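Join these two chains into a complex; the hints should help.
Single-letter residue listing:
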Amino acid sequence: MNAPNKSGWKPAMQAAGSGEGSAATHTGNRALMLEEPLIFEIGHRETTGVDLPAPSSGGSDRLGRFARTAPIDLPGLSEPETVRHYTRLSRQNYAIDLGLFPLGSCTMKHNPRLNEKVARLPGFADVHPLQPVDTVQGALAVIDELARWLIALTGMHAVAMSPKAGAHGELCGILCIRAALDARGESGRTVILVPESAHGTNPATAAFAGFSVEEVPANADGRVDLPALKARLARGGDGAGDVAGVMITNPNTCGLFERDMKAISDAVHDAGGYVYCDGANFNAIVGRVRPGDLGIDAMHINLHKTFSTPHGGGGPGSGPVVLSEALAPFMPLPYTARTADGHIHLVEEERADAFSEEHFGGVMQSFGRMTAFHGQMGMFTRALTYILSHGADGLRQVAEDAVLNANYVLRSLEDVLDAPFARSGPCMHEALFSDAGFGGGLSTLDLAKGLIDEGFHPMTVYFPLVVHGAMLVEPTETESKAALDQFIGALRHLAERARAGDETLKAAPVHAPRRRLDETQAARRPVLTWGGTDPR
Amino acid sequence: MARYFTTEHEWIDVDGDVATVGITDYAQEQLGDIVFVDLPEDGAEIAKGKDAAVVESVKAASDVYSPVSGTVVEANAALQDDPALVNSDPEGEGWFFKLAIADESELAGLMDEAAYREFVANL
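So the sequence lines, in the order shown, correspond to chains A and B.
Heads up: the first sequence begins at 1 in the numbering used here, then just goes up one per residue.
Heads up: the second sequence begins at 1 in the numbering used here, then just goes up one per residue.
Calculated directly from the structure, the hints in this document are not laboratory data.
Every value quoted in this text rests on a predicted model; they were computed, and no experiment measured them.
Even glycine gets a Cβ: it sits at the ideal position worked out from N, Cα and C.
Just so you know, not all the hints are guaranteed correct.
[Claimed, not checked] Partial selection, computed: residues in chain B whose CB lies under 10 Å from chain A: (1) Gly32; (2) Asp33; (3) Val35; (4) Phe36; (5) Asp38; (6) Leu39; (7) Glu41; (8) Lys50; (9) Ser57; (10) Lys59; (11) Ala60; (12) Pro83.
The following block holds chain B by itself, in its conformation from the complex (with noise of 0.2 Å):
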């Protein structure tokens, strides 16, 4: 399984033709307590860089991208009951939800663990 990371602090795990998709630690970090998360719905159609979610802190609310097209086949229903989930595990149990990838070769753009450390480092 191999996980890639955007510009805009999304992570996404590629096990076969399904992802699952969500937000970094350092963008946890910087939004602070996450206090509601708006999932998209299963079936949905995601086109590449368009937003999915929606994720409001008691800062600011933020929407989060799709790091790839692709169709929604499951939003983490445990983020509804308990938001704070993305603060405590949120490349983890934290994930928002999940989608069959349209177009593999989206994935090629993508930046590997040690890129988006090195670009954040660089914030």
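Same shape as in the complex, but just chain A (with noise of 0.2 Å):
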């Protein structure tokens, strides 16, 4: 569309087109469905929000030559001009506020109001990292019942709280096994192994921690395939092997339980190594397994899908890490420590290994730091809150309903789309689909689009990679039936389009504030700043 919008200049993003009949009012406005061009073509330079007083004189003369002597091009705006420019922006958005989020793998729950109230107190919210430990002994309190919580449910040793989110959390697993294996004087082993089904961030924190990585294959159930793992092990030699460890998914990205994971713990352990499990999937299996039992050794938690707190850009993501007695020693500083007088202390490098040695008998050898505090402790208080208003029979549920759901989908679906491990068993946390059995070279991305057209975001597509024109759902316990029904409708009828070879889907989506987008020229010539030079 063309038409200028409401201050007569050319819409942003033309080139991407806009929804149908966007043209034919004179704001370039569709209703209450805002035409917005960028900040930079709505503001003013003259503009500003503020009112400075000029500055007096000679103030510059003090730069010298580092004084500024263009204007800086941005954009001046009101702040009314400035709030609704944003607010309008959001309106174009999709957020699990307004709809179900069915991307697999991203656990997309409900953030509970409950938490945000909590989190906004202003003993935890208006405290400082740098505060004396003994003025902000609640907020201590929660960190340390978080991680007594988190130890209990994954039945494991110890906790690190501090790395951010998923992927820093494998970084910190991976890193304590790397201290361990230096301990043992094994630091040869420069082997991690990563199965198939494996997130993607597991290959790239092993190589990013120094480790060279080996993928094990798939069997045809989806699973990893326990005797090429076997055979691979013991390829290393006896006793001094060349693998330091697996990386592992579980509940794996088929959507599926890894049945056979405390034989492959005890291989890995047989040889010499040490399992990290990807616990991004924690959501299907939370209050009803634990991980400990499994032989794992170390996992990250990601608060922000289990457990609730915001993700996608509502918040900070939280990773914190659960350790077996093999690797706990390891884990990075700081962490807190409750004695035995009620007292929460927050311990770092200085008094580690005192402390350690005097409250727990053991000796501190950590790695070092994954951040400069305690961790994300607004996440701490949202998560310690969900856990706390569910009690571990709530918990327990929420892994139930989340099964529940995503086997709904599954099985409402499979007749019209291929689900290539339907005859593996139930589905965990998400059900997969392929694109086998569509029409017209339609595919799954066009599947994808027509989805944002029905009022959803779409689902995770082409990942897991084993799949062909993979399409990964994860509804969460969050859906009711009704709404879960009224997506499998939307699906359903998408599903029947694809196979029927209807082109039209090739152009969806028609009812979004944009048409489909050029991903390739955006991935190959990105434009990431503004061009134009003419502010007014």
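Below you can see the structure in the form of structure tokens.
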């Protein structure tokens, strides 16, 4: 569409195209869906939102040659203009507060408002990490209490609370493994095995930490090929093998529980390695399975998935890492510890050895720090609120309902969408489909774009790689049966169109604020800066 | 000049002791629009079956493995500016890198064109 917007300026992202019919209005708006230009296109250089006195003379002289000679091309907007700009943009967005968000492996569950209320209490919200610990005992008690819950729910020995998100937690776990190997004098173990069904961040983490990555194939069921894994471990020779450990995602990215997990752990331990589990999909098993019972040595927990803290633009992540007895001595500092007198300590470098010896009869061999301070305090408060408001029985029901919902989606659609592992047993938290049977050259991408027209965020697409044209749907326990039925109805309609080779699906989305974007050009020739040179 | 194929959908042209490596037409078709190619440095020593390059499409990032062991003598600079060459001419202008072959006997385990076509037909 080429109509100017309400200010008489050409709309932003014109090349991307906008929805049907928008050219018909004088403003480019469609009723209350506003056509919003870039902030640079609505800002005036002469406008300012604040009333500052003119600088006293001579101020700039002191800057010498560093004084600015040309105006800085920042858009000037008043406060209401700024608020309206971002509010209008937000209305073109989709969020968990608007509807079902079926993004597989992301666990886009509802973020309870109670979490927000508690996180805003001044005793939690207004503390500073450098305050004397005696003045923040309440905040430290939250960290300590959450740590105890995470240890209890996972059956592990210790937890490192400071990692800031999933991949950061993976790095923390892998660095613990490295430190443990170094302490054993086995730094020559340089290989991390990663199954095909693992998250993409797993091999990236291992490589980043300096390990070489080898893939373990999946079997026909979509699970780890245990004989292949054992064969690879045996190749390392007896005694001093070359395998440092495995990184495995359980439940895996095919939405399946790795039933051989204990056997996998035993085989890796027998070969002298450690087991890292990607806990991103913990939501499906929380309260039902304790990873510690499966022989896992390290696992991160995405508080922003399983424990309902906001994510996807809504807030920072948080990825505490639970550790086995073997890896616990190597965990990063600082950590909280409650002594018999009820006082909660923040254990840092200066006192780590003495403290560990005095209170735990062990020596701290921490590999260092992941972060400057304690971790994501605001997320700890929210996650503990979620845990305490559900209780142990409620958390167990979370897992059961999440799995039930995913299976309802899987079984409701397997007659119109190919479900490659439908015969491998019930799925866990997510239902996996492929593009087999689509006609007319239609692809997974077309169906995903069609879902936008139907008013839903698309599911995860083209992942995992082991399935052609993969579509990964994770409804979470948040959704009611009525909401699931509505989503299933939309997906069924789209699947039938795709099977029939309905070419109009290639044009989707047609009802969204923007038509289909050119993802290829966006990747090949991204325009990341504003190219305009003429702010008014 | 002989051309061989791998089960990972790489092709390799052997000319004397230098080989040219790329990904097959089937591979580019599966990947979709290629948006970025990360190539090995000149002089890099790569073992057979180890990752030598990365190809990124709108769908996924994938490793490209070296069909044989050897030393990289040239990477296709044209792909940095125009990764779409991998889509338009995967088994020609869209080649990835050239390799001085370390051990010619490693070629023995690779497929010829007919065997590869049959392999793909059965996928």
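Let's test the interface hint: is any C-beta of chain A closer than 10 Å to that of lysine 50 (chain B)? With Cβ-Cβ at 9 Å, under 10 Å, it holds.
Does the CB of glycine 32 (chain B) sit less than 10 Å away from some CB of chain A? 8 Å, holds
Is the interface hint satisfied for phenylalanine 36 (chain B)? The criterion is a beta-carbon contact with chain A at less than 10 Å. 7 Å, holds
Would the stated hint for proline 83 (chain B) survive a check requiring a Cβ distance to chain A of less than 10 Å? 7 Å, holds
Given alanine 60 (chain B) as an interface hint, is the shortest Cβ-Cβ distance to chain A below 10 Å? 6 Å, holds
Would you settle whether the hint for glutamate 41 (chain B) is holds or violated, based on the nearest Cβ-Cβ distance to chain A being less than 10 Å? 17 Å, violated
Let's test the interface hint: is any C-beta of chain A closer than 10 Å to that of aspartate 33 (chain B)? 4 Å, holds
Leucine 39 (chain B) was flagged as interface toward chain A. Is the shortest Cβ-Cβ separation under 10 Å? Violated: closest Cβ of chain A sits about 16 Å from leucine 39 (chain B), beyond 10 Å.
Classify the hint on lysine 59 (chain B) as holds or violated, based on whether any CB of chain A lies nearer than 10 Å to its CB. 4 Å, holds
Does valine 35 (chain B) meet its interface restraint, that is, does its C-beta lie within less than 10 Å of any C-beta in chain A? 4 Å, holds
Measuring from the C-beta of aspartate 38 (chain B) to each C-beta in chain A, is the shortest one below 10 Å? Hint violated; aspartate 38 (chain B) Cβ to chain A Cβ min 13 Å, cut 10 Å.
Hint validity - serine 57 (chain B) Cβ closer than 10 Å to any chain A Cβ: 9 Å, holds
The structure fails to meet hints 5, 6, 7 from the earlier list, while all remaining hints are met.
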